[in-house]
Amino acid sequence: MSGAGAKKGLTSGVMEWVGSACKFATDRTDFRRNLLVNLGLFAAGVWVARNLSDFDLMSPQPLT
Amino acid sequence: MGSVLAAASPSPASAAAGGSPGVPGLGSVPPGFAMPSVSSVPAASDQQTADADAPLLNPGTYEECHRKCKEVFPQQMEGVRLVVNKGLSNHFQVSHTVTLSTLGDSGYRFGSTYVGTKQTGPAESFPVMVGDMDNTGSLNAQIIHQLTSAVRSKIAIQTQQHKFVNWQCDLEWRGENFTSAVTLGNPDVLVGSGIVVGHYLQSITPALALGGELVYHKRPGEEGAVTSLLGRYTGDNFIATLTLGGAGGHATYYHKATDQLQVGVEFEANTRMQETTASFGYQLDVPKANLLFKGTVDSNWVVGATLEKKLLPLPLTLALGAFLNHRKNKFQCGFGVTIG
Numbered sequence: 001m002s003g004a005g006a007k008k009g010l011t012s013g014v015m016e017w018v019g020s021a022c023k024f025a026t027d028r029t030d031f032r033r034n035l036l037v038n039l040g041l042f043a044a045g046v047w048v049a050r051n052l053s054d055f056d057l058m059s060p061q062p063l064t
Numbered sequence: 001m002g003s004v005l006a007a008a009s010p011s012p013a014s015a016a017a018g019g020s021p022g023v024p025g026l027g028s029v030p031p032g033f034a035m036p037s038v039s040s041v042p043a044a045s046d047q048q049t050a051d052a053d054a055p056l057l058n059p060g061t062y063e064e065c066h067r068k069c070k071e072v073f074p075q076q077m078e079g080v081r082l083v084v085n086k087g088l089s090n091h092f093q094v095s096h097t098v099t100l101s102t103l104g105d106s107g108y109r110f111g112s113t114y115v116g117t118k119q120t121g122p123a124e125s126f127p128v129m130v131g132d133m134d135n136t137g138s139l140n141a142q143i144i145h146q147l148t149s150a151v152r153s154k155i156a157i158q159t160q161q162h163k164f165v166n167w168q169c170d171l172e173w174r175g176e177n178f179t180s181a182v183t184l185g186n187p188d189v190l191v192g193s194g195i196v197v198g199h200y201l202q203s204i205t206p207a208l209a210l211g212g213e214l215v216y217h218k219r220p221g222e223e224g225a226v227t228s229l230l231g232r233y234t235g236d237n238f239i240a241t242l243t244l245g246g247a248g249g250h251a252t253y254y255h256k257a258t259d260q261l262q263v264g265v266e267f268e269a270n271t272r273m274q275e276t277t278a279s280f281g282y283q284l285d286v287p288k289a290n291l292l293f294k295g296t297v298d299s300n301w302v303v304g305a306t307l308e309k310k311l312l313p314l315p316l317t318l319a320l321g322a323f324l325n326h327r328k329n330k331f332q333c334g335f336g337v338t339i340g
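If you read the sequences in order, they're chains A and B. Take the first sequence: its position 49, counted from the start at 1, is 49 in this note's numbering, and no numbers get skipped. Take the second sequence: its position 10, counted from the start at 1, is 10 in this note's numbering, and no numbers get skipped.
Hints are computed from structural coordinates only; laboratory data are not their basis. Since the model is a prediction, treat every value here as computed from it, not as a measurement. The reader is advised that the hints may include incorrect statements.
Pulled a few chain A residues facing chain B out of the computed Cβ check, cut under 10 Å [as the list claims (entries may be wrong)]:
#, residue
1, Thr11
2, Thr26
3, Phe31
4, Asn34
5, Asn38
6, Leu39
7, Leu41
8, Gly45
9, Val46
10, Val48
11, Ala49
12, Arg50
13, Leu52
14, Phe55
Even for Gly, the Cβ is constructed at its ideal location relative to N, Cα and C.
Start from the sequences and build out the full structure, keeping to the hints where you can.
Structure representation (structure tokens):
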């Protein structure tokens, strides 16, 4: 019985954490949340710049 | 950089129509100042030997560290702008600018640039004097002079009609592997106010430069200081720069993908305003088509682009620009023609 009660407490704790994490992730007025999102966007932009920008615009067109 | 054309005011296609130029010395590239070049990193097997042997070069100035990335992004344009540039001699150039704007003021601006005869380098001559005045009498002027082989000075003033708004003087010392600068802004001995800015940038390795900035401001009843630190890493075809200070942080990444394509990524965080922004920009340069295209998108849902096309054989450059703010549902476009 006490094991089931502890399990219930653990589950509700996890649910609470997930709920607050979702609230944090969707709160557009939160500075720390915006900071993390924009840092992630910056890192993604750097990855795109380093890996997806090496196409040669002046190369001849392939023959069809 | 010291030629008349290089010392001219910034291209109108790259500035918002109808707005006055930025405070002299605080935003534009001053004539006579050179950009640090993107240096190559030696092969991995010889890197340690190369690092030990390679002399440390001057790292450039503190303000130029983020500039390479900033230049990739398009400038907002609004209204119509016509610019006529005329070189009167090898040392003197004038420009006439007419702006028609719905948001800002419409008017006429006369600009002139003088480059002296003291040549310090292949593309640098001093003194350089740049000035422009609009139809209301507001003046922007700056004088740059190389005092010695290592010391350069600049004086800049800005007036709004008859009233002096900004006046500043700075001294820059370029050493073998460092640059230091002191700027005195709006000093007023009678009131007891002013701003002092100190910069220092040191080359640590051929690729890494570290530096700092100290801003001290004083006015009656109030004084304070702000410091920030800067680090710049230069690779084969990229430059990564980070500035951290009490007011926030600023990170830029510049990547030269090919001769035609350059990409810039920027991150800004302002702890005072509690705002952060991430921006992505690219520049497409197709010299065979005389075309320059810049585009940008940022985390505030702003999308923008500018296009510049030289209409050869005529000495004409056409500039088109448009910015769309999806979040605020606002659209802004501009059109400019430069002759000469």
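Any of the earlier hints contradicted here, and which numbers? Of the numbered hints, 1, 2 do not hold.
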